[in-house]
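Protein chains in written order, with this note's numbering: chain P, 1 to 461; chain D, 462 to 804.
Just so you know, the hints here were simulated from the structure itself, not pulled from any lab data. Some hints could be false.
To be verified - If the Cβ cut is set under 10 Å, some of the chain D residues that face chain P in the computed set are: (1) Ala-562; (2) Gly-565; (3) Arg-585; (4) His-587; (5) Leu-782; (6) Val-783.
Predicted, not measured: the structure shown is a model, and the values here were computed from it. Beta carbons are placed, not taken as given, at the ideal position from N, Cα and C, and that holds for glycine.
Residues per chain are reported as follows:
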Amino acid sequence: MTRRAHVSGSIRRRLLLQLLGSAALLAAILFVTVLGFVRDVAEESHDSILFASATSIMDSIAVNAGEVSVDLPYAALSMLGNVSDDRVFYRVSRAGEVLTGYSDLPAGEATVRAGQPVFETLDYKGETIRMVTSSRRLSLNGAPTDIEVSVAQTQNGQAAILARLSRSALYLGIGFFVLSSALAIWSAQSSVRPLKSLAQAVSRRGPKDLRPVSRPVPSEMAPLVSSLNTFIDRLGVSLTRSEDFIAEAAHRVRTPLATVRTQAEITLRRVEKEENRGSLREMIRAIDETSRASGQLLDHAMVSFRTDSLERVDIDLAELARELVERLRPVADLKDIDLHFANSGTPRMSGDAILIQNAVRNILDNAIKYSPPERQVHIRVSGDGAQARVSIEDEAGGFGTTDTHALTERFVRGENTQGVVGSGLGLTIAREVAEAHGGTLTIETSKSGAGACVTLCFPSH
Amino acid sequence: MRNPLLSLALIASLWGVSASAFEIEDRQWVGPENARALTVISTTDFDILAPLMESFLRNRPGVAVDYVVASSSELMKAIADEGQTFDVALSSAMDLQTKLANDGFTRPHQSSATALIPGWGEWRNHVFAFSQEPASMVVSATALTEAEMPRTRQALITLLREQPDRFRGRIGTYDVSLSGLGYLFATQDARTSETYWRLMELMGGLDLQLYCCSGAMIEQVADGEIFVAYNVLGSYARARADLADRIVVIDPEDYTHLMMRSAILLNDAAQPELAEAFVDHLITAAWSNPPAPEYPFRHPLGAPGPSESARRPIQLGPGLLVYQDREKRKRFLGEWVSALRQE
Ligand SMILES: Nc1ncnc2c1ncn2[C@@H]1O[C@H](COP(=O)(O)OP(=O)(O)OP(=O)(O)O)[C@@H](O)[C@H]1O
Ligand SMILES: [Mg+2]
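Same shape as in the complex, but just chain D (with noise of 0.2 Å):
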């Protein structure tokens, strides 16, 4: 019953507001009209969570989401500095989920749904994470032959290195000034291996391609306008069955960082029972075993993928604070910056 009730109205006023305000991508309302609404602001795509939305409304006659999809640095722009109200917001970016946390702008919650969840999901009540998704590359499975798909870091500096101008505007990844989860990504990579610093020099010498979001990446990657793609969602890339033949996605060996996406209660929230009872809905669903069967993610603890030496979780806490820090990022922008303009 995928039937998502559009207000255009509300829309046109929306975009008539956020002119000046942060940047909506998209806005979808689920249920009734003029129902209770439960306000959700979100990096996730409408499309992948909407069955998680219809099954939470399903015993909830009169309840409505209004979902917004913003990135995660809109998102981050709405709440901290504009301070818009919602009820409920769910982001890629651990970073900025944890900095709402920390400087204040989310509450607590405790539930038997939260029980479920262990250590490490979770950051003193307030973070309450749903997924665990790798950054993964994703590879033209047509322009690049078996042999030559590259299944570490290393290997893919060998191919760019050996073979220059068959890659040179083939490369993509994410535009981390833009991109919250890009920034995430490039920050961890950074903090772990000087390897992405040798590869980000390399692939800003092979005219890299920037992109705000994993989507475009994906069919970007697909279309065969570019071969590989570094630092995506394989979870994005994975449910693309429809591309299932056109791509492959690689976890590196080397190292795959694993984000966690995540779901805070805001403070002001309009419906604040709701938003527990949504967020313990998403946290049922996916921390219970087996998950339900709406969950769009791969189950958090038995996620497949990259092999167990090799998965770097990135951990919830106040470490990801640091490349928030203002200096810090003006910084590593910088470094990231002159690192693609090396010839």
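Just chain P, with the same shape it has in the complex (with noise of 0.2 Å):
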């Protein structure tokens, strides 16, 4: 019976969000920085730009008889058309009076000194313009006078250039989050692995199966997997504790039992009267069954004992069924039931030889058990080198229509026990043992549908 754990929350689930959070978040970041990095390197070296075209114009002024006069030289605005398409203007002034240019170009804020050139974004015949300005002093006529000289050119080039490189720093950013959400989800994964496997591996357990868990896992499981150990381990003595417990309960009541058996046979045969002889009858069967449930209980203790820590040893399945048949055969006889032995090929296997024995002999003891007088019982070992098999099939009415499947469960018996004793423990323990070595155990109505045809197969290694 597996009970369902109480979820909540994945622990995938919560790493890949926070991964992914925070790779968004990097991404942003990332296009953030990239943007505001690209935007000031296209504004300096648009900057830079008009800062030469204003240099160059004011390289062309000089002083000619006793008047400034300004040689616009052609690179000083060409090369803001290599630039970009944008609108170029400009103004040369001395002492607030423009010289030539666009004597409507606004003023710029700031205070212009020699040798520090301005940088302003203004507005301009309606657009947008970046301005530098600079300045120079010129000796005319022995007096000082300062020249200025403003370069303005529109931002539409500029504007588009920044969205196109905007828009690579976007793809930019995208790539970096989808590049680092694929390892995020990798990761996560990778992360729960060893959680998964320890899961499973638990999981596919056989129901006996309480070794420690040995294999190696991450550090941060490790305290998870010493306390699933120790807790293995307190279940394991407690199971040990009380198996054992039951094997010296049952031990201890069958000596007595004996003794009480014993007794009231000699008693039976000294009562005469039919009422006392009943109830003794009643007495000595009751006493049976309650001796073989203790024996059977022993037995089944003796079987999760064994299975525990099995001991192989190489089994000739033949010789061991071939032995049990004669060991039974003077209790068939009591019923005048034959019991038929044949053997086809090497039925070798490895295992228990005890348990083995065990088992075949409930099941042996079952056919006998539940056969009316006078009938046969077919015992066939067989091996293929794969396979170690034994079926016994008899014919005792087989299971009507009882579950064969729940008859394998512990104290359950059928419907065609009245007067027969036992405890519901033999098929129980045949299937443990076949489980206990890899192998299964068959409950079939025989072939003839006179009785029932039960298997018990081992794998031969």
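Put the complex together from the two separate chains, hints included.
Put into structure tokens, the structure is as follows:
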């Protein structure tokens, strides 16, 4: 019976969400940083071209015959055209008086000092312009005079370049996010993988497998695994203890029961009154039931114990079955039941001989016990190298409507047990032995339909 | 169906106005009277663009073109100084067109037609070139022998130096103070090579004749009045099939400047959509491959003439604003005049 775990959240999902969240954050930071950087670089390079243009105009200014003359160099404006298709404006002025250029070009807020160009973003003719103004002092007729040169350009091309670069930055950010998302999914998967594989290994275990978990696990899981191991340990100890207790109890019940039974039989012989004999027979039968039950309990405890740490030896299943048949033949003879033994192949296997014997005996015992007198029981052993098999077919009428699966549960008996002594543990023992050896127990109706055919099947290796 | 409908009254009234305003050389009305009119101001002679205007009007009933011809500097004056409203301006003075676009007199336009133009043929979707034409020398075929034909500026200088008396008063060029195109060619020449100043000084000493326009120079050469005209529109000269045996058009092999005739869409247009359609029509005719049959100029890209290495296409862009600078212009004209006056 597996109980559903109470689930709250998922490590993998949480991990994934956190990783995706941080990837998104980093991508956004990357985008903003790159964008800012690109914007700065674009602005700087634009500024430096404007400044170069202003400088070349400044260089063309000279004092000729007591007059300031401006000889605009072709390159001063054409260089601006190489960068973008933007409108270009310029102005050369001396002490507030415009010498040439666009006289309505706005004057910047900042005061311009020689050697320190001022860059400003302004509005002119309905458009945003970037303007540089630089200043230089000339000597005019012996007196100093300040010349100011402004060069400005609209920023449409700049905006287009920025838009393109922003798009690239966006793609970069998205690419980064996609890539780190893929990595996040991968790392979330791989970090819960040890957990998953531990869970699988534990759930794959057989019902009796109480060995400690010895596979290597990541250090974070070590506490979990070591408490799991302690838990398994304690479970094992308490299981053994209760089995020991049962065996001990059964053993202690059996011996005094034997005494009681002997005494009851002796008394039975002496008593003559029919109703007293009746109750004595009842008593003997109850004692038989109890004794059978304690015997089977003891066997079952022994089986549980031995399957915990299975000691395997080479077994010839044919030899083992033959011996059992011979041992039980006297019992069968009492009911005039014929036991037929047949062997084909070499049914060799490795396993615990005592357990196998116990299993086969319980099946054979059933066949004899539930058969009416004068019937046949066939014991067939076969082996083909891969499997060793013993099947016992009887003519005891089969299982009727009983669920054969349920019969292998502890203390479950069928409908045909009227007056038949038994405890309901025989098939349980047989099944547990089969499973401990990696084999199977099959309970079917025989081919003829006259009875049951119960088969034990073991892998040869 | 060349049937320009001229309204005499209109012309009269216009002349009246223009007395105080910009100077109109010609005004033509194409299409039905009382129709919705697209107003075009242009430096290009009416006859040259008439077929293109007719094909433009063919599928547009109820539309007419009011075509005003002015010199490039008058065109500039009309728009920039007088605030006259026109829908479209066509001009060969690339620098003036650029200045109008730069100073905010134009509006941008983008269409499937403008997409035909390569990057160098337009400026910020405001200036659209629709021809590329060389600045050539036109030489009298009768006055000069085949061997004397000057293929380069240096050859012309040598020729003039060797026989000054023969060429005295027999050479001509643009009056750069009057003609915008002449000024453009002259400034580009001055920018390209010092040879230009030597040539000007030499020509100045030989009683250089100055002209307003290419057409006049071409005719004077054909008539034998002058022998050599320098910096003439090669496209106009080549278009004059009637003079083909009397003139020789030479694209100088040292370098030949290529001017682009361009269209701009003006702000405050009365017919903005019509204006765009007209400019698209011009562009499509010019830049389609092959160009429209009524397209009067050589295809800009495949234009034969100057050899590849001698081609100096004048580039659209803010560089053209430099010689439009007041100080720069004053200085250049001053230098030009003093070069001509030199003995
Ligand atoms: N060969 C058989 N033919 C018919 N019924 C059978 C046969 N073997 C087992 N059964 C049915 O299966 C039940 C369970 O068998 P099982 O051997 O486990 O218990 P049991 O025989 O009743 O008790 P015991 O522990 O003493 O063997 C039996 O009670 C019986 O009803
Ligand atoms: Mg049994």
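Each hint tested on the structure:
no., hint, verdict
1, Ala-562, "holds, 8 Å"
2, Gly-565, "holds, 5 Å"
3, Arg-585, "holds, 4 Å"
4, His-587, "holds, 9 Å"
5, Leu-782, "holds, 5 Å"
6, Val-783, "holds, 5 Å"
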